[in-house]
Structures are given as structure tokens and as C-alpha cells.
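Chemist: With chain A fixed as given, assemble chain B onto it according to the hints.
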Amino acid sequence: MDVIFANPAGFWALLGLPAVLAIHFLQRQARTVTISTLFLLDQLQKQSLTGRRVERLRSSIPLWLQLLMVLLLTWLLVDPRWIREDSVQRIAVVMDGSASMQVFKEDMAGALDRELSHLETVASQTEYVMLDSRILGESLYHGPSRSDLIASLPDWQPLGGDHDFTPALRVARSLVGQEGVVILATDHELQNPAFDARVLSTGRPTANCGFAGMTVEQDESGQWLWKALVRNYSDQPQTRQWFLQSGGQKSAPRSVSLEPNQLRSLSGAFPGGGDAAMLILEGDSFALDDRLPLVRPIPKPLALGKNAPRKLDRLLDPLMNSLENVTPPGSGEVPDVTLASYDPLQPAIPAGNLILFVDQARSAGGFLDGRIAAENHPLTEGLNWQGLITQNSPSIPVTEQDEVLLWQGGRPLILLRIDQGARQLILNFELARSNASRLPAFVILVSRFLEDIRDRKVAPEHRNFETGQAFQLAHAIGEDAGPLLFTARRGPLTSEEEIPLNRAATLRAPAEPAFFDIRQDGVVLLEAAAYFADTREADLTSAAPMNNLREVESQLTMRHAEKDSHWQFWALLVAMALLASWFFIHRPTTTSTTAQPA
Amino acid sequence: MDAKAVAGIASRAQAAADIYRLPLQHRVWRGQVGDMQGSGAGSSLDFQDHRSYLPGDDPRHINWQAYARTGNYSMKLYREEVRPMVDLVLDVSDSMDFDEAKRARVLELFYLSVHAAIKSGATLHTYLVKGSSHLRVQEDAIHHHAWLTEAANLPATGPAAPADLRALPFRAQSMRLFVSDLLFSGSPDPVLGALTRGRGRGIILCPFLQSEAAPEWDGNYEFVEAEAGTRHHHRVERSILKRYLEAYRRHFELWKTLGRKYDVILARIPSAPPLQKALQLEALSMGALEVWT
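Going down the list, the sequences are from chains A and B.
Position one of the first sequence corresponds to residue 7 (the numbering used here), numbered consecutively onward.
Position one of the second sequence corresponds to residue 29 (the numbering used here), numbered consecutively onward.
Isolated chain A, as found in the complex (with noise of 0.2 Å):
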């Protein structure tokens, strides 16, 4: 069986063994005796003339009980116990995947070969678990050994978000059962984690400078401009080089000083030509911030047709004019969605998307009473209704499948009709006799529509993402729909992956900052950028140390390992030396006084 010290602060009683060796090899002080012999003493060697500062060790009995003492001390004080041979034990280790871990990843790798080759030596197996605080799916590693664990950290990339942790603590704690040993492996002080986890942290305050958020937007003259906001997380003054790089060319760099905690904006025209560009910041510990991708958003073209009375135009031309991103059905082109107005007197509904409303010749006079009340409907979430004011009018004919957005009273004032793949927004009132072109709310709940059939709309644009964003794409549907082929360049690396239709739906942003495409049987539906906005994970100011699995480790070694039973053999054996020794140093002396002659 192994030996290991349950107590190896007790090793520190070894230091009792150069005290009581210094103690024999220091000096007595000189005792002074009156003699009438000196001059014999005088005559022997020189030796004996002077006395020394440091005397000869001598060894005597007291000495040697001395130090048996002090080791017998030391193995009662070390506490030693012996591992079980049938002992096992388990460790789960929930790696942070949260980004700012890049920064004390190998600090982590060397704490947790260290902590785990400790924790290795209180049972006689041990197997290992290591898992993603994200729960990314598989385990990290899984077996017996430290060594093959810790190769394993250098792929593990820890990109995500600041999120919970018992989730996965929760997994580990199931893995290894109650009497395993689960560690969070993270950067930050956690005061007590769920699950009886132990914290092992490798972080320290890091100053970082990065990215924070950008937009690209046109101006007035139809100039497309950058605009990036630079952040100093630490408590010093930054500064720090930054450039723009955009197909192959780079401008000059530049210098931007930050005062501690400073968020300053950073802007620029669009290089002329390019759709996209990449704005670089001199590196520090944590580089995700340090790069920003961007490309010139396009949205996808959406447009909007209009089928209605030409004396409408008065009021729908300031309504289509209103809406961003919207243009009118070139020729020939069939608009995406059509503005249409619906006669009582000839009832017929066009096919299509449509945003439908009543129109009539003559009023019927009154306006509609009844409390106004809104369903809960992405459409119309937020958006207050209550200053709408509508005129009696006949109803467009309202189906069961309908879905009714808006009531006045008992009638139903707003409905979304999807009929055979086509979205309709119907109006079930007299636009042109309402103040609702007026109202915020009817405009924002139009626009709402219109983005909802451009989201569902089947074409290429160019968007910004941040890192690990999840989002919608359209795509082509069907049995000879091919999957999703998606393509992120990080620099000269080039990764690709084929996203089969039944997971289009979650799509989601590159992890790390890279530009990106999606296309769809050679055809390209999204050119997207991917930049690192998480000012949480970028503040590296709170990292601090931590490590409580000491805390564990007496737990685990009273587990796994038996104690010494000699140990009151070896408690009485110190007394015994103890009293020997202050025998041996204090006993009378044994010569006789009786006078020997000369």
C-alpha cells in the first residue's frame, strides 16, 4: 500500500532537526570556574587555549533522542495514512467555457496537472472526467489518465458567453456520484458553486484592450462608414495601434489612447469597392476582441407592390416611402408584396403576400366603438393602439384559420391571413377614413410585416453578426433543395462545414471573429461577418485566483486510505525519548569523590 501525509504541513518539524543540531553545534556559554591548575593546563596544546565560537558535534545520547524525537514528531504530526488497494476514486472537471478563459488556459492546464497529480495519490485509481461548462455535448476526456487529460486541453477553445455553470456542475456531480470529486475549472473567485463543487481559478487581474461594437451605416451623400467602439478594461491608462485592413490592403496604422475604463468610438469611410474590411488592434492577452470583421450590409431587396385607386395615392405613397430597405416591383418584376385594397362591392382577394384594406365609395358613417385590445403577437408586441380611430365599414370576410391581431369591440380590426404560403396582413377597416397611417403603432406593425416576409424571403444579403449569434436564414425548401453549405475564413484559414436543412434552423455566427458565407446549391444567401462584442468576458479586471481543493483532499485521503494504528506506540515513544533525554542531560554526575591518589 501507498503512503501518503494527510497533513504534509507537518513536514515543516522537520526544521527541528537542524534546531537541535545547531543547538548541539552552537556554543555553550563559557562557565567560568576558578582553577589553581592553569599552568598544567597551559602546558598542553594550543588547541585548548582559545575556545570556539561553534563547537565540534558531539554525539551523545541526548542528541540522538533529540532527533529521534523530532522525527517521531514529524511522522506523528505528517499524519500518514495507507491507500486502500480496492480504492477508486472520481473526478469531474467543468472546464469555463466562457472566452476570457483563453487568457489563463495554460495557466489552468499547469494548476490542474499540479492539483490533479495531489489529488491522485489519496486512492488507488482515479478516473477522470472533463467536461465544457457549456455542455457542448461529449466530454472533453473521459478516463484514467492525468496526462492524456491534460493533452487534451490545448483543443478545447473556450468561446463562449458568461453563462451558469450548474447545468454542467449538475452533469458532473451525476458522473462521479456523491462521493466524486467535482472541480470547476474557471478564471474568477465562485463562492459556493452548486453541487459541492470545488473551485480551482488561474485568473488574475489582466488589463485588455478591444472591440466593443461597431454598425455600418450610410450617411446623408450615400457614403458607407465604420464605426467602432474601442474600450480600456483595466484601471491604467492604454494606449494602443489599431489599422484597417480591407482586400489585401492596409492603412496606416494608427494610435488611439484610452484613460482607464474608457470607451472611445473609432470611425472611417468604407474602403471604396470592398464589402468588406477587417479593423485590427494591436494584440494583448485576449485577441478576440482585438479583431473586427465587417462587411457593408445589404439587405436582402423586398419589393412592394401597390394595387389600389389611384386617389389612394395621397395616402399610401407617404406610407411606402416611410419604409426602409422597400422598393417599388421594377418592371415586370413580381413584387414580393402588394399594397392592395379590398371593395365590398367586388370581393375578391389577390393572391400573394399582401397587406390588404377596405375601400369603399361612400362612407357608412360612424366610427367604430368598442374598447381596442391587442393580441399577443410578435406583430404587435409593445405597440399601443389606443389613439386608433376608425369608421364603421363592411368587413372583409374573415376565415377560421385567421389570426386576429387587433379587436375593437367584437370586430376584429387587424388580421393575418396566411393562405397556401402567402402572408396577408388584413385591414379590416377603412384606411383611408382612420388616423392609422398617422399612428406609430400602425406603422411600426406594417414595417414588422414587411420584415417578416423579407426574413422569409429567399436572397442573398450581406449582414454583421456578433460571435456565436444565432440567426434565420431563408432558404430553399423542398426535395431538390440541397443543404447549407457554410464557410467561415478566419485569416488564410478556411474552415467548411454542410449544414443539412433539418438543422437550418439553428444556425448560429461563428464563435470567433471571421467573415462567413452561407450558399445553398451554389447560390450565396448570406455574406456575414462575425465580431466579438462581449464586454463581460473582454473585462478581465474581476479574474482573481482561487483554490479550495485542499478543502477536499483531507475528505478524500480519511476515504481512501487507513490511518497509522502504531500511532500511540509512537506518541509514548516521543514521551519516553523525552524523558530520556532530560534524564541523560540532568543526571548527577558518576564520578566518585573519594580521592584518587596521584
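Bear in mind the hints are in silico, worked out from the structure with no lab data behind them.
Note that beta-carbon positions come from the ideal geometry of N, C-alpha and C, so glycine has one too.
One or more of the hints may lead you astray.
Distance windows between CB atoms, simulated [claimed, not checked]:
no.	chain 1	residue 1	chain 2	residue 2	range
1	B	Gly226	A	Arg37	43 to 51 Å
2	A	Arg37	B	Lys32	40 to 48 Å
3	A	Leu578	B	Asp246	30 to 38 Å
4	A	Ile67	B	Gly226	27 to 35 Å
5	B	Asp246	A	Leu27	17 to 25 Å
6	B	Pro218	A	Arg37	30 to 38 Å
Chain B regions said to be covered by chain A (calculated; three or more residues, Cβ under 8 Å) [to be verified]:
no.	segment
7	91-97
8	248-256
To give an idea of the chain A side of the interface with chain B (calculated C-beta under 7 Å), a few residues [what the hints assert, rightly or not]:
no.	residue
9	Thr43
10	Phe45
11	Leu47
Modeler: Chain B only, in chain A's frame:
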């Protein structure tokens, strides 16, 4: 030591003198008329010899019977009875005085010698010697212990200065008792020669301490020389101690060897045991003292 303590010691020594005597019986002595057998003819009852009458002889000692037989005057000679002479010398160097036990033993031996000499009817001359200095002490001063003050006034000596007895006016054929620890450097010859000068009979009573004969030194010491008061740092290890003991043994071996050559009795007397026990160890066996019978 106060006078009372000295008086106590003197009393003990006087009591010891009732048990022990000086070895005056085995030799003939010169001196005034007394109780001891003299070396010449005297008026005692012990017949010694005959010789022819010479003018001036005491006519009372003419052997008239012999004259009747032979017609010649012959004289009957009787043993002379004299008072022996004892010259007592006390070494009062500081080495005799630095230790309480040794001091007491020295005083005991001194007073024992005084009282033993007086009890033997000897004429006693007492001297105190300290290095090359000496002085004679009168009997009154001894009995009143005033000699201690006189001894204290003797000039100090250097370390281990030998007692110089050569200048002492020893009487011819006297017994010379020398009470000294003999702890001084140099040859014993001058001392022994002085003790035996003029057909004197020398006896040395040598008190010693156990701490001198078998010290238990181990380690660093600051030794204070008993006579000069100088301080000396020494480190004494086992080997040094062994060599010291050998030197101590050789020192007294030399004294004893030369003592035999000079016919001087050397009796070493330890300081620790009671006086009678201490005397029995060597003084009696060596003939330095005798028991009254």
C-alpha cells in the same frame, strides 16, 4: 571565613591531635631538654654507654664500681632527652584559599600540625610562605588566629609562583612540616632541598581538591587563575582533559619520586572527606602522621 568558623576548625584539629601525632618517635633529635630521645648524652635514666673520664665531666656520673674494679675513672653515659624542634611552614598562596573545602582542609591540617607539635612537646616555629615572601608567626597569633591577617598582608604572587623555602631559617635537625598543595610550576628540588637542609626531616601535607585531581570539564571555559586572578578562555575536550589528568598525575609523581630521594614524606590529603577519613587515606600509611598509642 569568619573567626568563629576558624575557631571551630581549630577545635576540630585540636581534637584530631589527640588521635594523631607527629612521627617524632623514630628519630633522635637535638634541642633543649625535653621528653624526646636526644642524639647526645644526657641526664635521663636510660643508660647509653661508658667512656673514660675527662676533666670537666660531672663527677656524679663516675662509675665508682668500675673504679673499684679497675682503678680507672670511667663515666656512665645516659641518654639525652630533648625537646624536638618542629618548623611548620604553611603555604598561604591563593591556590590554598580559593575553595571553601580546600581552605577548611588547609586550616585543619595547619592547626592539627600546630597542636600535634605542641602536644609532642616540640619547640615550634611557624612560618607563612607565599611565593618568595615569608614571615614567622608567633604562637599567640596562631592561637588567636591573628596569623590570618598577617597572611593576608603578604604580597601577591604571580600565577603558579613556587614557594621559596630556601630563605626560611630552619633549625638544624628539626622536623619540617610543609602544608602546601604543591600546585606551582618548576622543579620540586628547591623545596625538598630546603626541607632536608641541615639534617632536617621533611614532611609535606598536601591538601587537594577533587575538582583539581579529576575535573569534569567539557566544552568552553573561562578559567580564573586562583593566584593572579587572570582570565583565560579554554576549550576542553575529552582528549585535552585526558592529557590534563596525565599532566596532573605526572606532576605529583615527580614530587613523590623526588620526595623519596630526599627522604621527605609526601601525603596527599583530599579536601572533601571528613578530616579523620582523609588522613587515613594516605597520611597514616605514608608515615606523615601516627596514631597515639
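Chemist: So, for every hint listed, does it hold in this structure?
Modeler: Status of the hints after comparison with the structure:
1. Evaluation of the 43 to 51 Å hint for B/Gly226 and A/Arg37 yields a pass: the beta carbon distance comes to about 47 Å.
2. With their beta carbons about 32 Å apart, A/Arg37 and B/Lys32 fall outside the hinted range of 40 to 48 Å.
3. Checked against the given bound of 30 to 38 Å, the beta carbons of A/Leu578 and B/Asp246, roughly 32 Å apart, stay inside it.
4. Separated by about 60 Å at the C-beta atoms, A/Ile67 and B/Gly226 break the suggested range of 27 to 35 Å.
5. Between B/Asp246 and A/Leu27 the C-beta distance comes to about 18 Å, which sits within the given range of 17 to 25 Å.
6. Evaluation of the 30 to 38 Å hint for B/Pro218 and A/Arg37 yields a pass: the beta carbon distance comes to about 35 Å.
7. Counting residues of the segment 91-97 of chain B whose CB falls under 8 Å from any CB of chain A gives 0; the rule of at least 3 is not met.
8. With 8 residues carrying a beta carbon less than 8 Å from a beta carbon of chain A, the segment 248-256 of chain B meets the three-residue requirement, and the given coverage holds.
9. At its closest, the beta carbon of A/Thr43 sits 5 Å from a beta carbon of chain B; the interface hint therefore holds under the 7 Å criterion.
10. The beta carbon of A/Phe45 comes within 4 Å of a beta carbon in chain B, closer than 7 Å, and the hint placing it at the interface holds.
11. For A/Leu47, the suggested interface contact is upheld, since its CB lies about 6 Å from the closest CB of chain B, less than 7 Å.
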